[in-house]
Amino acid sequence: MASPLCVKVEFGGGAELLFDGVKKHQVTLPEQEGPWDIRNLLVWIKKNLLKERPELFIQGESVRPGILVLINDADWELLGELDYQLQDQDSILFISTLHGG
Amino acid sequence: MGWIRVDCKSHNSFIYNGPPDLHKPERPRLAQRPRPPPSKQPAAVGNAQGRGGCRVSLGPGAGGRACGRRVGAGLTSPSPRAAARHDPCPDLPPAGSRRARSRVAAAADGHRPIVHLQADGTAELRLQAAVAARGPSWRLPLLCRGHQAAEHRHPPARPPPLPPIQAGRPASLPRRRRTGITARPAPVFASQLCQLRANVILARWLSPTADQPIISMCQAGEDYTVSAQREPPPVPRPGREQKCVKCAEGLPVVVIRAGDAFCRDCFKAFYVHKFRAMLGKNRLIFPGEKVLLAWSGGPSSSSMVWQVLEGLSQDSAKRLRFVPGVIYVDEGAACGQSLQDRVKTLAEVKLILQNTGFPWHVVALEERAGMALTSISILTSWKVFSLPPSVLCCASQEPAGTEEAYKTAVDSFLQQQHVLGSEGCASPAQGEDQSHPTHSQDPLGMAGFPTAAQTEALSRLFNSIKTLTAKEELLQTLRTHLIVHVARTHGYCKVMTGESCTRLAIKLMTNLALGRGAFLAWDTGFSDERHGDVVLVRPMRDHTLKEVAFYNRLFGVPSVFTPAIDTKAPEKASIHRLMEAFILRLQTLFPSTVSTVYRTSEKLVKAPREGCASGPASPSCLLCMCALDIDTADSATAFGAQSSSHLSQMLPAEAAIPTTPCCGAGDGQAQSCHRGVGRRGDAQACVIEQLCYGCRVNMKDLPSLDPLPPYVLAEAQLRSQRAWVSKEIQEYLITDDDDEEEEEESRAIKQEGENTGIGL
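One line per chain: the protein sequences are A and B, in this order. Under the UniProt record's numbering, the first sequence has 13 at position 13, and the numbering climbs by one with no breaks. Under the UniProt record's numbering, the second sequence has 619 at position 619, and the numbering climbs by one with no breaks.
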């Protein structure tokens, strides 16, 4: 059983357009059976935060190619990508590189 | 049913066919097969027995069998078994003692065979129960003896070993596995193919209850590479416990390319170095030159402006030596933004521009006369939406400076700096002075804004375009024209755009799809000289979007998000979007995609323009300024027929509409030319025929060319008129032989021209 987690979810680079323009979200993830990892977080975001056009943010199980994920200002590739287990007070940042240049 | 079957690696014939030795193996059923004649046998195969057939070792009790000879890869149907005497395999228990009796399933787990493939091309067979108890095992050859001999004589060539690990990289890192496009296709040899097949066949030990093979295929010792893989092999993931690859001490924060983890400081050094190296390598920007930075507000151009800012403030040895200015083009009207949004965006933009300290220009794409917001209070009278046709003229320019010219320029500049001493140090301060805006009116007021009519005209133009692809292309063209014009007006000879590696890779593929393959070198190369006196330069072309985004985040580079024309567009809305999705998706599976496309684009060489050295330049496209690549006289091609039919469709529709005289907007020619250009169809035709293939394809998506900016239409008229006139007087032109005659003739022509009303 994972206790409720408080994490900070941020969006940048244009991804905030899909979330009503709000860049920073302080979210409390509810309790659930298994531990919270990025995979579950994405599902949760899709259900609760994403306002429109889910296919522009999530593709399959992971984020759309072109969207970078930073966990505590570090590349998520270094931390296991989807399998990283969230800790309390983590900061997850989604930057869309698809827009602008 | 428990059977195990081992085939010769090079041939499809079996070597061993039967259950493991615990039970009495059945004698394999073999059919008689006539031996093929010896002439078909390749010399390399060798023939140990000298009888024209390969000798195959079989399991106990079966004796030897001959396999069919096959040359090369043996992925054909198995040859019928031949009944010939074979020597028993020396590794297996002697044949005589055990004879195969019946197929008895070794269903119990303890009797499940485990197969280990060995490096020497044999397989070791052991029963599972026996593994722990160190029971007996058997080795089965995977090559029949004839081929064993052949391979021994001519071992198959292995792919060359990977280069040794470069100095500086800790040896504990996994070797970077090259996958995807850059992976050298592993040469596939017959023995390797058959090795694979042998593995597959060995794995077909099925338990009576399950469908799946339960043999664990331990491939210890096998180091062959198989190119036919369904899924791309996973890239080895660097973990957090690893150290930075460069300094080997810092905690890594970002992964660049495939597997290189950098710490924060090394990443910054790497990033800055790439930028400086790109500028330094190409040696196009001379010291003291005025360079215009095209800033769109997006991450890459913001990063570029930031790099220039930092580069100028460094100590003198490494300082960048050019004089920058910044331009921002407001495209809100083309994207359908409301006025309030545009005002809000402009406020943010101006804040950032003022902080840079460079002279800046904010220009709206459709702006009216005189209201360009610049930091220098010059009321420029040029009209963006009706720019003068000279925008589309490629001014003649001297050939690019050689290496020596660059070196001498740098040396003289440094000398100057030295001599001037304190004055040289004050040059950044000059930039400060210039940045104090001396607006004559309130910059945010409506007076400084384009009028509603111009905005409406631009919106009308973009709304009339049918496809998003054509919209994006036209937007890009108009933006480039505007930037070049501003650069010319204010004396900038270079323009820097912030296109990143990823964007250029996408652009390269998109342009191929759009029919601009002939101009890839100009569109994606480092420098783009098609506008003549103003050269477009792309210093960010070595940085991927990921690096740019990380740098901006880690080092706080300010940027402004503005929705563009393709924001939130679905994936298949335009060719650009489709190609972007394709490349990015490929990049996640094969991390070297973008860099490979980039390296390919580096190799593209620009074809020299004909006639640029002397005489008039060869005709260039009206919109994109590239050399016209269409042979207009050739109407026999399908394209020629298509475009002429397209034009003829447009002509009848426009016949009834009255038009203005075509030459009215030209260079002060009061007389109208003789051509029947009263009909708009001709005007459209004369625009179309001056476009290159890619631009023509784009223009097909415009139902009518009237909403195009007037400067485009005017220039088109001018050019076609000139072409017609020069064709008319061609016969009267005299060559250089006789000067006097020529003078007289030219005078006569002028007279004639005035008389008949042809403007010259």
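It is worth saying that the hints were derived from the structure and are not from the lab. Misleading hints may appear alongside valid ones.
Derived DSS-like pairs: lysine-lysine, alpha-carbon spacing no greater than 30 Å straight-line [as the list claims (entries may be wrong)]:
1) B/572 - A/47
2) A/8 - B/268
3) A/51 - B/466
4) A/24 - B/466
5) B/700 - B/568
6) B/494 - B/350
Predicted, not measured: the structure shown is a model, and the values here were computed from it.
In ascending order, which of the hints set out earlier in this document are inconsistent with the structure?
4
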